[in-house]
Amino acid sequence: MLRLRIVSATVLAVPVLLCVVAGSPYFDILVAVGAMVMVWEWFRLCSESFPMTEAAAGGISVLVALVLTSLGEPRTALVTLAGGAVVLALLSRGQWWLSAGPLYIGLPAVALVWLRADPALGLETVIWLLAMVWASDVGAYAAGRAIGGPKLAATWSPNKTWAGLIGATASAGAVGAVTAGLLAMASVWPLALASAALGAAAQGGDLFESFAKRRFGVKDTSTLIPGHGGLLDRVDGLVAAVVLTALIGAIGNGSMLAWI
738 MLRLRIVSAT
748 VLAVPVLLCV
758 VAGSPYFDIL
768 VAVGAMVMVW
778 EWFRLCSESF
788 PMTEAAAGGI
798 SVLVALVLTS
808 LGEPRTALVT
818 LAGGAVVLAL
828 LSRGQWWLSA
838 GPLYIGLPAV
848 ALVWLRADPA
858 LGLETVIWLL
868 AMVWASDVGA
878 YAAGRAIGGP
888 KLAATWSPNK
898 TWAGLIGATA
908 SAGAVGAVTA
918 GLLAMASVWP
928 LALASAALGA
938 AAQGGDLFES
948 FAKRRFGVKD
958 TSTLIPGHGG
968 LLDRVDGLVA
978 AVVLTALIGA
988 IGNGSMLAWI
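Numbered per this note's numbering, the sequence shown spans residues 738 to 997.
It cannot be assumed that every hint is accurate.
As the list claims (entries may be wrong) - Cβ-Cβ distance ranges computed for the label pairs, FRET-style:
no., residue 1, residue 2, range
1, K888, T813, 42 to 48 Å
2, N896, R740, 17 to 23 Å
3, A995, T813, 23 to 29 Å
4, F953, V758, 36 to 42 Å
5, R952, P762, 33 to 39 Å
6, A995, T790, 41 to 47 Å
7, A759, G918, 23 to 29 Å
8, V753, M789, 26 to 32 Å
The hints are simulated quantities; they were obtained by calculation from the structure and are not laboratory data. Where a beta carbon is used, it is the ideal one built from N, C-alpha and C, also for glycine.
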(Lines of atoms letter the chains of each structure in order from A and count residues from 1; the text may use other names and numbers.)
(Lines give C-alpha, C1' and ligand atoms only; values in the text may rest on other atoms or scores of the structure.)
Protein backbone atom coordinates (compact mmCIF):
# COMPACT_ATOMS: atom_id res chain seq x y z
CA MET A 1 0.00 0.00 0.00
CA LEU A 2 2.80 2.45 0.86
CA ARG A 3 4.51 1.80 -2.48
CA LEU A 4 1.22 2.39 -4.30
CA ARG A 5 0.73 5.66 -2.43
CA ILE A 6 4.23 6.83 -3.37
CA VAL A 7 3.76 5.94 -7.04
CA SER A 8 0.37 7.68 -7.20
CA ALA A 9 1.70 10.79 -5.47
CA THR A 10 4.69 10.95 -7.83
CA VAL A 11 2.52 10.61 -10.94
CA LEU A 12 0.26 13.40 -9.69
CA ALA A 13 3.12 15.65 -8.61
CA VAL A 14 4.62 16.03 -12.10
CA PRO A 15 1.67 17.74 -13.87
CA VAL A 16 0.86 19.74 -10.73
CA LEU A 17 4.38 21.18 -10.51
CA LEU A 18 4.45 21.92 -14.23
CA CYS A 19 1.20 23.87 -13.95
CA VAL A 20 2.41 25.68 -10.82
CA VAL A 21 5.53 26.82 -12.66
CA ALA A 22 3.60 27.73 -15.83
CA GLY A 23 1.12 29.88 -13.90
CA SER A 24 -2.08 31.27 -15.42
CA PRO A 25 -4.04 30.02 -17.31
CA TYR A 26 -2.66 26.49 -16.87
CA PHE A 27 -2.57 26.57 -13.09
CA ASP A 28 -6.03 28.15 -12.92
CA ILE A 29 -7.45 25.42 -15.17
CA LEU A 30 -5.80 22.72 -13.05
CA VAL A 31 -7.33 24.17 -9.88
CA ALA A 32 -10.74 24.42 -11.56
CA VAL A 33 -10.65 20.79 -12.69
CA GLY A 34 -9.56 19.67 -9.22
CA ALA A 35 -12.30 21.74 -7.61
CA MET A 36 -14.97 20.14 -9.81
CA VAL A 37 -13.73 16.69 -8.82
CA MET A 38 -13.88 17.72 -5.17
CA VAL A 39 -17.43 19.05 -5.57
CA TRP A 40 -18.45 15.68 -6.99
CA GLU A 41 -16.75 13.87 -4.09
CA TRP A 42 -18.28 16.18 -1.49
CA PHE A 43 -21.84 15.63 -2.68
CA ARG A 44 -21.25 11.87 -2.91
CA LEU A 45 -20.03 12.00 0.68
CA CYS A 46 -22.91 14.05 2.07
CA SER A 47 -25.85 12.33 0.39
CA GLU A 48 -26.84 8.70 -0.17
CA SER A 49 -28.47 9.59 -3.49
CA PHE A 50 -26.32 11.97 -5.53
CA PRO A 51 -28.27 15.29 -5.63
CA MET A 52 -27.76 16.49 -9.21
CA THR A 53 -29.43 19.90 -8.83
CA GLU A 54 -27.55 20.78 -5.65
CA ALA A 55 -24.25 19.48 -7.03
CA ALA A 56 -24.69 21.52 -10.21
CA ALA A 57 -25.45 24.66 -8.19
CA GLY A 58 -22.42 24.08 -5.99
CA GLY A 59 -20.14 23.37 -8.93
CA ILE A 60 -21.30 26.44 -10.86
CA SER A 61 -20.75 28.75 -7.88
CA VAL A 62 -17.21 27.42 -7.37
CA LEU A 63 -16.40 27.63 -11.08
CA VAL A 64 -17.71 31.20 -11.39
CA ALA A 65 -15.72 32.19 -8.29
CA LEU A 66 -12.54 30.79 -9.83
CA VAL A 67 -13.12 32.64 -13.11
CA LEU A 68 -13.66 35.86 -11.17
CA THR A 69 -10.44 35.30 -9.22
CA SER A 70 -8.53 34.69 -12.45
CA LEU A 71 -9.90 37.99 -13.74
CA GLY A 72 -8.64 39.82 -10.66
CA GLU A 73 -11.90 39.97 -8.71
CA PRO A 74 -11.29 37.85 -5.58
CA ARG A 75 -13.72 39.84 -3.43
CA THR A 76 -16.56 39.23 -5.89
CA ALA A 77 -15.51 35.58 -5.94
CA LEU A 78 -15.98 35.33 -2.18
CA VAL A 79 -19.45 36.87 -2.46
CA THR A 80 -20.27 34.31 -5.16
CA LEU A 81 -19.24 31.43 -2.90
CA ALA A 82 -21.34 32.78 -0.04
CA GLY A 83 -24.28 33.14 -2.41
CA GLY A 84 -23.79 29.58 -3.60
CA ALA A 85 -23.92 28.33 -0.03
CA VAL A 86 -27.18 30.22 0.57
CA VAL A 87 -28.74 28.83 -2.62
CA LEU A 88 -27.73 25.32 -1.61
CA ALA A 89 -29.22 25.78 1.84
CA LEU A 90 -32.52 26.67 0.19
CA LEU A 91 -32.38 23.87 -2.39
CA SER A 92 -31.43 21.22 0.15
CA ARG A 93 -33.88 22.54 2.76
CA GLY A 94 -31.29 23.14 5.42
CA GLN A 95 -28.89 20.22 4.84
CA TRP A 96 -25.94 22.14 6.20
CA TRP A 97 -23.24 19.68 5.20
CA LEU A 98 -24.33 19.93 1.57
CA SER A 99 -24.65 23.70 1.83
CA ALA A 100 -21.07 24.05 3.09
CA GLY A 101 -19.68 22.54 -0.12
CA PRO A 102 -19.06 25.80 -2.05
CA LEU A 103 -17.22 27.29 0.92
CA TYR A 104 -15.26 24.18 1.92
CA ILE A 105 -14.06 23.60 -1.64
CA GLY A 106 -14.30 27.06 -3.15
CA LEU A 107 -12.35 29.00 -0.51
CA PRO A 108 -9.11 26.99 -0.83
CA ALA A 109 -9.43 26.88 -4.62
CA VAL A 110 -9.86 30.65 -4.83
CA ALA A 111 -7.03 31.10 -2.33
CA LEU A 112 -4.64 29.02 -4.45
CA VAL A 113 -5.38 30.95 -7.63
CA TRP A 114 -5.09 34.27 -5.79
CA LEU A 115 -1.77 33.35 -4.18
CA ARG A 116 -0.26 32.16 -7.48
CA ALA A 117 -1.36 35.36 -9.25
CA ASP A 118 0.99 37.48 -7.10
CA PRO A 119 3.55 38.74 -9.66
CA ALA A 120 6.30 39.10 -7.06
CA LEU A 121 6.28 35.87 -5.06
CA GLY A 122 3.33 33.85 -6.32
CA LEU A 123 5.38 30.93 -7.61
CA GLU A 124 7.57 30.76 -4.50
CA THR A 125 4.55 30.99 -2.20
CA VAL A 126 2.67 28.10 -3.81
CA ILE A 127 5.74 25.85 -4.02
CA TRP A 128 6.57 26.57 -0.36
CA LEU A 129 2.96 25.88 0.63
CA LEU A 130 2.80 22.56 -1.23
CA ALA A 131 6.19 21.47 0.13
CA MET A 132 5.22 22.46 3.66
CA VAL A 133 1.94 20.51 3.59
CA TRP A 134 3.65 17.50 2.03
CA ALA A 135 6.36 17.59 4.71
CA SER A 136 3.67 17.87 7.38
CA ASP A 137 1.97 14.71 6.07
CA VAL A 138 5.24 12.79 5.85
CA GLY A 139 6.36 13.94 9.30
CA ALA A 140 3.04 12.96 10.85
CA TYR A 141 3.14 9.52 9.24
CA ALA A 142 6.77 8.83 10.14
CA ALA A 143 6.54 10.01 13.75
CA GLY A 144 3.22 8.28 14.28
CA ARG A 145 4.57 4.97 13.02
CA ALA A 146 7.92 5.22 14.80
CA ILE A 147 6.75 6.57 18.17
CA GLY A 148 3.02 5.92 18.43
CA GLY A 149 1.67 6.86 21.83
CA PRO A 150 -1.52 8.67 22.87
CA LYS A 151 -4.16 9.23 20.22
CA LEU A 152 -4.85 12.75 19.02
CA ALA A 153 -8.59 12.28 18.40
CA ALA A 154 -9.42 8.60 18.57
CA THR A 155 -13.12 8.98 17.79
CA TRP A 156 -12.39 10.93 14.60
CA SER A 157 -9.19 9.31 13.35
CA PRO A 158 -7.88 6.35 15.36
CA ASN A 159 -4.48 6.32 13.62
CA LYS A 160 -3.45 9.88 14.43
CA THR A 161 -1.27 10.47 17.49
CA TRP A 162 0.21 13.40 19.38
CA ALA A 163 3.62 12.21 18.25
CA GLY A 164 2.41 12.48 14.67
CA LEU A 165 1.28 16.06 15.26
CA ILE A 166 4.69 16.96 16.68
CA GLY A 167 6.37 15.31 13.70
CA ALA A 168 4.10 17.26 11.35
CA THR A 169 4.90 20.63 12.90
CA ALA A 170 8.63 19.90 13.05
CA SER A 171 8.77 18.81 9.40
CA ALA A 172 6.74 21.79 8.23
CA GLY A 173 8.95 24.12 10.27
CA ALA A 174 12.04 22.64 8.64
CA VAL A 175 10.61 23.41 5.19
CA GLY A 176 10.01 26.98 6.34
CA ALA A 177 13.59 27.29 7.53
CA VAL A 178 14.95 25.97 4.22
CA THR A 179 12.67 28.31 2.27
CA ALA A 180 13.84 31.29 4.34
CA GLY A 181 17.43 30.35 3.62
CA LEU A 182 16.81 30.00 -0.12
CA LEU A 183 15.09 33.40 -0.22
CA ALA A 184 17.95 34.95 1.80
CA MET A 185 15.65 36.21 4.55
CA ALA A 186 17.23 38.09 7.44
CA SER A 187 16.19 35.33 9.86
CA VAL A 188 14.88 31.82 9.29
CA TRP A 189 12.84 31.76 12.50
CA PRO A 190 9.72 33.75 11.53
CA LEU A 191 8.95 31.61 8.48
CA ALA A 192 9.99 28.42 10.25
CA LEU A 193 7.56 29.11 13.10
CA ALA A 194 4.78 30.19 10.73
CA SER A 195 5.32 27.02 8.69
CA ALA A 196 5.17 24.88 11.82
CA ALA A 197 1.85 26.49 12.77
CA LEU A 198 0.48 25.95 9.27
CA GLY A 199 1.69 22.35 9.40
CA ALA A 200 -0.38 21.87 12.54
CA ALA A 201 -3.33 23.53 10.78
CA ALA A 202 -2.92 21.08 7.91
CA GLN A 203 -3.27 18.22 10.37
CA GLY A 204 -6.41 19.94 11.64
CA GLY A 205 -7.77 19.89 8.09
CA ASP A 206 -6.96 16.20 7.91
CA LEU A 207 -8.83 15.61 11.16
CA PHE A 208 -11.89 17.50 9.94
CA GLU A 209 -12.01 15.38 6.80
CA SER A 210 -11.79 12.24 8.95
CA PHE A 211 -14.63 13.56 11.12
CA ALA A 212 -16.80 14.22 8.06
CA LYS A 213 -16.20 10.72 6.69
CA ARG A 214 -17.05 9.14 10.03
CA ARG A 215 -20.16 11.32 10.21
CA PHE A 216 -21.41 9.77 6.97
CA GLY A 217 -19.93 6.29 7.45
CA VAL A 218 -17.53 6.53 4.50
CA LYS A 219 -13.92 5.34 4.37
CA ASP A 220 -12.81 7.40 1.35
CA THR A 221 -14.45 10.20 -0.62
CA SER A 222 -13.85 8.22 -3.84
CA THR A 223 -11.43 5.71 -5.36
CA LEU A 224 -9.97 8.15 -7.86
CA ILE A 225 -6.35 8.01 -6.65
CA PRO A 226 -4.94 4.50 -6.05
CA GLY A 227 -3.67 4.16 -2.48
CA HIS A 228 -5.08 7.51 -1.39
CA GLY A 229 -8.82 7.38 -2.06
CA GLY A 230 -10.30 10.59 -3.42
CA LEU A 231 -8.83 13.97 -4.21
CA LEU A 232 -10.41 15.36 -1.04
CA ASP A 233 -8.59 12.66 0.91
CA ARG A 234 -5.31 13.73 -0.67
CA VAL A 235 -5.61 17.51 -0.20
CA ASP A 236 -7.50 17.74 3.10
CA GLY A 237 -4.48 19.28 4.84
CA LEU A 238 -3.87 21.73 2.00
CA VAL A 239 -7.49 22.92 2.24
CA ALA A 240 -6.88 24.32 5.73
CA ALA A 241 -3.33 25.57 5.19
CA VAL A 242 -3.97 27.49 1.97
CA VAL A 243 -6.98 29.35 3.38
CA LEU A 244 -4.97 30.46 6.41
CA THR A 245 -2.02 31.44 4.22
CA ALA A 246 -4.24 33.55 1.97
CA LEU A 247 -5.98 35.15 4.95
CA ILE A 248 -2.67 36.11 6.55
CA GLY A 249 -1.42 37.40 3.20
CA ALA A 250 -4.56 39.50 2.71
CA ILE A 251 -4.22 41.02 6.18
CA GLY A 252 -0.55 41.79 5.53
CA ASN A 253 -1.33 43.13 2.03
CA GLY A 254 0.95 40.68 0.26
CA SER A 255 2.50 37.23 0.27
CA MET A 256 3.64 35.92 3.65
CA LEU A 257 7.06 35.42 2.11
CA ALA A 258 7.33 39.16 1.42
CA TRP A 259 6.77 40.50 4.91
CA ILE A 260 7.08 37.74 7.49
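Evaluated hints:
1. Evaluation of the 42 to 48 Å hint for K888 and T813 yields a pass: the beta carbon distance comes to about 43 Å.
2. A beta carbon spacing of about 19 Å between N896 and R740 agrees with the range 17 to 23 Å that was offered as a hint.
3. Taking 23 to 29 Å as the suggested C-beta distance range, the pair A995 and T813 conforms, at roughly 24 Å.
4. For F953 and V758, the Cβ-Cβ distance of about 37 Å falls inside the hinted range of 36 to 42 Å, so the restraint holds.
5. Hint check: R952 to P762, Cβ distance near 37 Å, so the stated range 33 to 39 Å holds.
6. Under the hint 41 to 47 Å, the C-beta atoms of A995 and T790, about 43 Å apart, fit the expected range.
7. A hinted range of 23 to 29 Å for the beta carbons of A759 and G918 is consistent with their spacing of about 26 Å.
8. At roughly 29 Å, the beta carbons of V753 and M789 sit within the given window of 26 to 32 Å.
Of the hints listed earlier, there is not a single one the structure fails to meet.
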